[in-house]
Structure formats: structure tokens, C-alpha cells
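Peer 1: The residues making up each chain are set out below.
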Amino acid sequence: MEILKHALSANALLTAFAVVGLVMWLSNAISKRLLFGRVHGSAIAIVIGLAAAFAAGLWTGGDKGVVDIPVFAGIGLMGGAMLRDFAIVATAFEVDVVQARKAGAVGALALALGTILPFIVGSLIAVAFGYTDAVSITTIGAGAVTYIVGPVTGAALGASSAVMALSIATGVFKAVLVMVGTPIVAKAIGLDNPRSAMVFGGLMGTVSGVSGGLAATDRRLVPYGALTATFHTGLGCLVAPSILYLIVRGIVGG
Amino acid sequence: MTISGVALLAICTLLGGFLGDLLGSALGVKANVGGVGIAMLLLIAARLWLTRRGLMTAGVKFGVEFWGALYIPIVVAMAAQQNVLVAARSGPLVVIAGVAAVLVCFATVALISRIGKKGETMDEIEAKARARTPSAGEPTV
Numbered sequence: 001m002e003i004l005k006h007a008l009s010a011n012a013l014l015t016a017f018a019v020v021g022l023v024m025w026l027s028n029a030i031s032k033r034l035l036f037g038r039v040h041g042s043a044i045a046i047v048i049g050l051a052a053a054f055a056a057g058l059w060t061g062g063d064k065g066v067v068d069i070p071v072f073a074g075i076g077l078m079g080g081a082m083l084r085d086f087a088i089v090a091t092a093f094e095v096d097v098v099q100a101r102k103a104g105a106v107g108a109l110a111l112a113l114g115t116i117l118p119f120i121v122g123s124l125i126a127v128a129f130g131y132t133d134a135v136s137i138t139t140i141g142a143g144a145v146t147y148i149v150g151p152v153t154g155a156a157l158g159a160s161s162a163v164m165a166l167s168i169a170t171g172v173f174k175a176v177l178v179m180v181g182t183p184i185v186a187k188a189i190g191l192d193n194p195r196s197a198m199v200f201g202g203l204m205g206t207v208s209g210v211s212g213g214l215a216a217t218d219r220r221l222v223p224y225g226a227l228t229a230t231f232h233t234g235l236g237c238l239v240a241p242s243i244l245y246l247i248v249r250g251i252v253g254g
Numbered sequence: 255m256t257i258s259g260v261a262l263l264a265i266c267t268l269l270g271g272f273l274g275d276l277l278g279s280a281l282g283v284k285a286n287v288g289g290v291g292i293a294m295l296l297l298i299a300a301r302l303w304l305t306r307r308g309l310m311t312a313g314v315k316f317g318v319e320f321w322g323a324l325y326i327p328i329v330v331a332m333a334a335q336q337n338v339l340v341a342a343r344s345g346p347l348v349v350i351a352g353v354a355a356v357l358v359c360f361a362t363v364a365l366i367s368r369i370g371k372k373g374e375t376m377d378e379i380e381a382k383a384r385a386r387t388p389s390a391g392e393p394t395v
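From first to last, the protein sequence lines are chains H and V.
Each residue of the first sequence is one higher than the last, beginning at 1 in my numbering.
Each residue of the second sequence is one higher than the last, beginning at 255 in my numbering.
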């Protein structure tokens, strides 16, 4: 047992790859077999991650989730700011500029609204729940944009880990709602053509929520929605810790 | 070479981070302002430039796309190290903010989709595409 522990801790990052890989595999199996693709595997994996962090917090009394358990220390490196930013930047590689131009003004409008509206909603609710400092309000508001924009914003502004967790949880909850809710509301919101799928991707933003929700609605709409959605996170990461933060700070002060 | 793709990605990320810090101090914010977003724009620009020059080799592509494919697992690892215990204590905020944000966005999609001309539905587009190809029937891809 001691020898196994040593082998796992000495190769912390490899242990993290193995553990997260197993979680991803398990989540995809749950998604396929138990939920019939209704909820995307990645959303389930993130929920498992949050649940593990919750359990670890109870067990260790620490504030860094599973990273407080020595064997899982590598998760801290794998999910830390360095590799996270590295991987997010890499996703920009898939954006097709020519295709994106076709989305045109309506896509841009949807992207702008899709960043600003959830941010306003999230910020107002943060204020309603008693948060008064601009950093926390902005981080929670950004979490309502997507679960990536939330922590990126929080990390940039130096938000507390608790606020970061709230922000991620809000974004993940939104992604899950989008995945489950899209097929239900698809008809009512006119989601049956590429144009509205692009509007949808720009407004909803969460790539896993959009691709999961559209896949459950009509597979052919997925690339159109994902196209605008891939811009969403970048746009959010650009404006939330900058312009939006400055506006919030201007309103609440400090 | 695969490493050139990884290096390109690293350079864009580092440069974006640097410019974000620079922008932050210029704006008087003690934070990185949009570093990730700037890095993404740099990477898109680099890809267009490399493609135009014919320098976009399979190795370069693989070096970048490998990390892009790891993005969801990395987000899972990130979720697993958050202070969820504290967040759970203020649970209602998450539920209310999530539901409200999604409802507002769904409503806006409905609104924008109705503004302006109605686009062709996927069924209509496929029907047209099928009519254009004389050998109608199942696509043989």
C-alpha cells in the first residue's frame, strides 16, 4: 500500500491523467447507457469532479478539493491555471473564420447579448445574495456566462476559492440546463435552421451545453451552434475581467 | 514537427498573458485583462498566416489540437479542486442564477430568430441539395 502510494504521488501528473481519464470514461458510459445521450458526458464528468471536491472538502477540511489528498495532488497541476489557459487557447484553433463571417451581424449580436445578458442576471443575483465587492460580483456574473469564463475571470481578478466554486457551479448548472432544456424548447424558439442555431450558439455559449443540446434536438444543427459558441468563451474571457469588471466596479465601488 | 505546434500554442499563450498583464497595468487594474482571449486571437491569426504560406503541417496541427482535445478533462480537474463545500452552503444562488440566465437566453433566441427573414430549415436545405444531385437517394459518403 505504501509502495503504491509512493508510486502514485511520485508521478502526480500521470496519476491525474489516469484518474481524470477514468472519470471521463465513466461519465461517457453513464451518458450513453443510463441517460441515452440526453446529458453530455463532459457535463457529467464535471459534476463528478465537483462532487469529489465536495467530498474531499468534508473529509480533509481543506479548501482545495481533492488536491488536499496527497495522492491526487497532480490534479492541482492538471487543472491549474497554466494548463487550463493552454488548453482553452488551443480550442481557438478549430474556429473557421470564413464560416464565422457567414454568421454575420446576427451572430455577432447574439454573441454580445449572450455575454452581457447572463452576466447582468448573474451579477444581480450575486448582489441579491449579499455580495458587495466588485470582484465577487463580477466572478459570479461571469460564471453565469460559462463555467470557463467564470474561473478565468475569478483567477484574473483574484477572487476567493469559494466564489470561484460558486461561479463554476453556476456555469455548470447552466450547461446542464441547456443540454436538457434545448430539445424541449427547440420548437417554441424556432430552432430548426442554421441561422437560429448560430444565434442559439452565440447566446447560450457553453460549448458542451450547446453541442449536447443541439445533438439531442437535431444533429445537423451542431456545427452551426458550436461555431458561434466557440467564440463565446474567448469573448467572455476578454470582456468579463476587463470592461465588465470596470463597469461593475464603477457601480458598486471598490 | 509536433513540438512546433506545441511551441506555437505556448508562445501564443505566453504572449497573450503578457499583453493581458500589460493591458491590465495600463488600465490601472491589478489583473490580467483578457490574456486568454488575446492569446486565442493570436492563435487564429497564426493559423491563417501559416495556412496561407503553406507551413501548416500535420505535426503543427496535431501539436495544437491535442491540447484542445484535452480541454474538457482539464476543466474536470479544475472542478475537482474547487472549494465546493463553501459554494454548496450558498446553494440557492447557483440554482437561481443558472435558471434565470438560461430562461433569459432562451427567450432572446426566440426573439432574434423571429426578427428578419426566416432562414431555411435543415429539412428544406437538404431537400434542395437532394434535388440538385440527379442521383437522388441516400448520400454515399
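One or more hints might be untrue.
Unchecked claim - List time: in silico SDA-like cross-link candidates among lysine to any residue, alpha-carbon distance up to 25 Å: (1) V/315 / H/17; (2) H/64 / V/346; (3) H/187 / V/361; (4) V/315 / H/187.
By construction, these hints were calculated from the structure, which means they are not laboratory data.
Peer 1: With a cut-off of 25 Å on the C-alpha distance, tell me whether residue 315 of chain V and residue 187 of chain H pass.
Peer 2: Violated, at about 38 Å.
Peer 1: Take the C-alpha atoms of residue 315 of chain V and residue 17 of chain H, compute the straight-line distance between them, and say whether it is at most 25 Å.
Peer 2: The hint holds at about 22 Å.
Peer 1: Under the criterion that the straight-line Cα-Cα distance not exceed 25 Å, is the pair residue 187 of chain H, residue 361 of chain V satisfied?
Peer 2: 12 Å, holds
Peer 1: With the threshold set at 25 Å, check whether the alpha-carbon distance from residue 64 of chain H to residue 346 of chain V stays at or below it.
Peer 2: Since the Cα atoms of residue 64 of chain H and residue 346 of chain V sit roughly 22 Å apart, the hinted pair holds (cutoff 25 Å).
Of the numbered hints listed earlier, the single one contradicted by the structure is hint 4.
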